[in-house]
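Colleague: Sequence:
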Amino acid sequence: MRTPPSESSFVVSMMALHAELDARFFAHQRALLDRDFGGAAAALADYRERLWRHIADEEEHVLPRYEALGGETTDAPVRLFLGEHGNLRKFVDEFTRSTAALAHTADDRALLALLDREAVFKNLLLHHDLRERNALYPFLAERLPAAEQAAVLALRSWAGG
Numbered sequence: 020m021r022t023p024p025s026e027s028s029f030v031v032s033m034m035a036l037h038a039e040l041d042a043r044f045f046a047h048q049r050a051l052l053d054r055d056f057g058g059a060a061a062a063l064a065d066y067r068e069r070l071w072r073h074i075a076d077e078e079e080h081v082l083p084r085y086e087a088l089g090g091e092t093t094d095a096p097v098r099l100f101l102g103e104h105g106n107l108r109k110f111v112d113e114f115t116r117s118t119a120a121l122a123h124t125a126d127d128r129a130l131l132a133l134l135d136r137e138a139v140f141k142n143l144l145l146h147h148d149l150r151e152r153n154a155l156y157p158f159l160a161e162r163l164p165a166a167e168q169a170a171v172l173a174l175r176s177w178a179g180g
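Position 16, counted from 1, in the sequence shown is what the numbering used here calls 35; the numbers after and before it change by one each time, with no gaps.
Derived by calculation from the structure, the hints in this document are not laboratory data.
Any given hint might turn out to be false.
As the list claims (entries may be wrong) - Derived DEER-like restraints, expressed as beta-carbon distance ranges:
id, residue 1, residue 2, range
1, T124, A166, 14 to 24 angstroms
2, T92, L52, 43 to 53 angstroms
3, H123, E167, 13 to 23 angstroms
4, A35, D112, 44 to 54 angstroms
5, N153, R128, 31 to 41 angstroms
6, V31, H146, 37 to 47 angstroms
7, A125, A75, 26 to 36 angstroms
8, E167, A120, 42 to 52 angstroms
Glycine included, every Cβ here is placed at the ideal spot set by N, Cα and C.
Construct the entire structure; sequences and hints are all you get.
Modeller: See the structure below:
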């Protein structure tokens, strides 16, 4: 019996990085709850660096392959992923500024406002991850030759570099 594309080792490997990124964002939020604003800023900076690297790898190596194989004809065209990536970057930049401001004020309302904005971000991220898990990566798993799948998995963000 053939493995469904959404359960292929390629898709599972691609999504493993997303779980790691989620854990890093959780570390940021945990530090916020502890009112460790320096720790929250450091965790967010680490998350930001890894997210930017991952987005760059997707935009430079994954999405062009997806487009070349006909991904534009699906319900998840490249422009949708690019738009979401832009929104994710804007949110994280906003959170960086807000977290830095909290280090100087420790204002309860500002902390709650940041956590509320982060909830919106996490909702966007959930939908983005589901689109990648259910559309982008399975599409590639079905159409991308094994050697190219291995090349994608060797990229710096997935290889931990």
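Colleague: Each of the hints needs a verdict: does it hold here or not?
Modeller: Results of checking the hints against the structure:
1. Checked against the given bound of 14 to 24 angstroms, the beta carbons of T124 and A166, roughly 53 angstroms apart, lie outside it.
2. A hinted range of 43 to 53 angstroms holds for the C-beta pair T92 and L52, which are about 44 angstroms apart.
3. The beta-carbon spacing between H123 and E167, approximately 49 angstroms, falls outside the hinted interval of 13 to 23 angstroms.
4. For the pair A35 and D112, the beta carbons lie near 26 angstroms from each other, so the given range of 44 to 54 angstroms is not met.
5. The hinted window of 31 to 41 angstroms between N153 and R128 holds, with their beta carbons roughly 38 angstroms apart.
6. Checked against the given bound of 37 to 47 angstroms, the beta carbons of V31 and H146, roughly 20 angstroms apart, lie outside it.
7. Between A125 and A75 the beta carbons are some 34 angstroms apart, a value that agrees with the proposed interval 26 to 36 angstroms.
8. Against the hinted window of 42 to 52 angstroms, the Cβ-Cβ separation of E167 and A120 comes to about 44 angstroms, which satisfies the hint.
Going down the numbered hints, you'll see the structure goes against 1, 3, 4, 6, while the others check out.
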